[in-house]
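Single-letter residue listing:
Number of protein chains: 2
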Amino acid sequence: MDRRTRTGSPSVRDVGRRVVVIGGDAAGGSAASQAKKRRPDLDVVMFERGRATSYSACGIPYWISDAVDSEADLVARTPEQHRAMGIDVRMRTEVVGIDLDRRVVHWRDLEDGGSGVEPFDDLVYATGSVPMRPPVPGIDATGVHGVQTLDDGAALRAALESGDVRRVVVVGGGYIGLEIAEACRIRGLEVTVVDMSATPVGTFDPDVGEFIADAVRKEDIELVLSDAVAAIETDAGGRARAVVTASGRELPADLVVLGLGVRPAVRLAEEAGIPLGTSGGIAVDTGMRTRVEGVWAAGDCVESVHRLSGQRVVVALGTHANKQGRVAGINIGGGYATFPGVIGTAITRICELEAARTGLSTAEAEAAGYQFVTAVVDSTTKAGYFPGAQPIRLKMIAERRSGRLLGAQVVGREAAAKRIDALAICIWNEMGVDEILSLDLSYAPPFSPVWDPVLIAARKAFEAVEADVRQL
Amino acid sequence: MDRRTRTGSPSVRDVGRRVVVIGGDAAGGSAASQAKKRRPDLDVVMFERGRATSYSACGIPYWISDAVDSEADLVARTPEQHRAMGIDVRMRTEVVGIDLDRRVVHWRDLEDGGSGVEPFDDLVYATGSVPMRPPVPGIDATGVHGVQTLDDGAALRAALESGDVRRVVVVGGGYIGLEIAEACRIRGLEVTVVDMSATPVGTFDPDVGEFIADAVRKEDIELVLSDAVAAIETDAGGRARAVVTASGRELPADLVVLGLGVRPAVRLAEEAGIPLGTSGGIAVDTGMRTRVEGVWAAGDCVESVHRLSGQRVVVALGTHANKQGRVAGINIGGGYATFPGVIGTAITRICELEAARTGLSTAEAEAAGYQFVTAVVDSTTKAGYFPGAQPIRLKMIAERRSGRLLGAQVVGREAAAKRIDALAICIWNEMGVDEILSLDLSYAPPFSPVWDPVLIAARKAFEAVEADVRQL
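Those protein sequence lines, which keep their order, are chains A and B.
Using this note's numbering, you'd call the opening residue of the first sequence number 1 and step up by one each time.
Using this note's numbering, you'd call the opening residue of the second sequence number 1 and step up by one each time.
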């Protein structure tokens, strides 16, 4: 099969060409719908082992806290909506094996136990990720929950609504860990978060993370930092009753949530011989092709290029999964699209505090071999004299000598964190802080001081770059 | 004097070198303080004819509405603060002539009527702008107010507090016009706004401007559109009593506010022989040098390069004035800085509605000779299912064939408009909409749908570019 056929050039008839998609969430759903939209003559079969397609896993904490009314609100596209587009959706059906020689997948119906094979011309591998489970005693006890899938969310919600839970320990103080901690606190539970870093959300520098820690503590969530889970103690019935930490603390828990992040779900791929990359995610090219002819991959299970470090990284985020799925689907459908990589942008709201980051943190910049200067400014979200002006802290990390912006972090309240996008685009375009301070950014008193915090930080970073150059 | 001396290279002693600054607001104040900071041995004399230095003219509407408590809140740096830095500030003193041959300025003390001359080695021309006054009968009547300076603001406030004003007509429905209209409405007055455009704030396209019109009308502010002021009728005492429009409407008014925008205050420069540019503002190079040796200019009185149209334009905005003043001051002080031009970014809040723009509007793009496609998307400020998600409309204007982003406009509520900065940086970097849709922007449910509105608009604009290319 030559590349023209493989990429589905519109000049080639594809009647009967069959695309099998493994996984019906963001990446798989996007790939299936884009391919089908571009080439209605394709047979597209999408397998999903869960009960929902194309849902917002990021929304689960807000469903747990009742900010979002129902599970259905989190579903962007139901199986029925996918079917209405002509996609053959197989729900509660797990793909258990991939045979690349025969070009079939083996599947099992999780409801009736039935099984079968499905042939493919193109395969989209979009299995997502699985929660990290530290190999400690008791980790598989009843009452230890992940929050990866909508089904996980439903199970967690059911447990919380049982009335048996008063004390929750969240293992891992990253984005999801803190969001779940806050949700449980809103439900009136006692909540403790355990994290290995000195400040929560370790992807932030400590001078930004300390704001996050303060905000979390203000909500009466206990933080156990610079510590790790060593064991989960269970009662006679095999149910979690406490988390024991490496430092020896025993944290009573009626329920444990694992918020340690995720790793790519690559078992099936490994078994089939679809190569992984250096990061442990599926290796793909810019068009989301794996190294196996006709096999594509997208979403949390793949690795992406980090545009600053040059390394391959796995970043499990819905926004990337949607883009990557779209790219795969367009290419399968005979179009042309690429996924040009990531720069590490992330945002969260924690107990009324907003925090966001992009590019490299100082630790990441060091690890990537960069030398740099930093600038931290404390400013306001509106003109200082304007009613409702809120503090905002902005940190910039700029390369020595060149002044190129390598990373930025922002923390504040109300309308603070989304400003990270401006900095993400500066980084994407490899701008130096000297040029950033000249940018024509919007100004009016309800929105920023006349020197926008971004510009002030760029000025300060530029002064640091200049001072450093004088000493070189 | 060679350039090294002129730009104040630190290797040259400048004892007794004298810098005269005309105008003590954003541009003049920044230039004076930067120059003095870098070269403490400079003699810096700053003339200001008003009663305040370095204030936020943009904040005046919020002082009128009482959102800001006092005039003093709008002052970023008082004369005393400037003096503490070693700047010789002459308040209420107007420069009435510039003699470039003798290198002196002539000044007059507005308080005691005294006058004198002040010699200079370097001159910074930072006279700001004057409100447009249409040449119609009655325009100079009592009760017709500008809102250009803090003193104008004080006069307007005093008039409104006199108790004699019930009906206000604002001539001009641009940013300042609408902000003042809202302020007067908040004070409980009857307010009418007259504007020549079909939708208010004519720098927005009509499909965005219609949202602004709706928001204004919801506040019970009457809009008279596609009409202009033809005369101001006065009573026997010479006081404004009504605005008569070109279409013949008579709008009763106890007070009239001119919000027609401004023009650069260049009279003194013209008289002295400092050349203007094609736009009518003072012509300057990237370092804020005029075409006269040792004479610099900055702020509302100068013209800037528009980076998209390539034309010289006058944009009166505090953010530019501050940057330009800083650049002039750094260069005078022997450093090196440039002002690389503008792209037309602006933002406003009108009656709870936020609106912002950057780059070229469709009318401006046409005038600049571009051909383009447009995309308008209606999305939400948070994930659609998230509590408090607000509608947001985003419009993109992309060049035919290349797909380069030429302009963007955004309108919505709460945390909508400041997102324009991201688009401004895309335009600054000459990004195409195809690359924009791949950007690594921040996503979490409290901040955006998983496809950020910026990405959705870029997708739609890219599809429009592709559809257009097929027809070329």
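These are computed hints drawn from the structure, not numbers from a lab.
Fair warning: there could be bad hints in the mix.
It does not matter which identical chain is used: a pair holds within one copy or between any two.
[Unchecked claim] When the alpha-carbon atoms are kept at most 20 angstroms apart in a straight line, the in silico SDA-like pairs for lysine to any residue are as follows:
| no. | residue 1 | residue 2 |
| --- | --- | --- |
| 1 | 37 | 460 |
| 2 | 460 | 38 |
| 3 | 37 | 139 |
| 4 | 460 | 102 |
Any hints from earlier that this structure breaks? Give me their numbers in increasing order, please. The structure breaks hints 3, 4; every other hint is satisfied.
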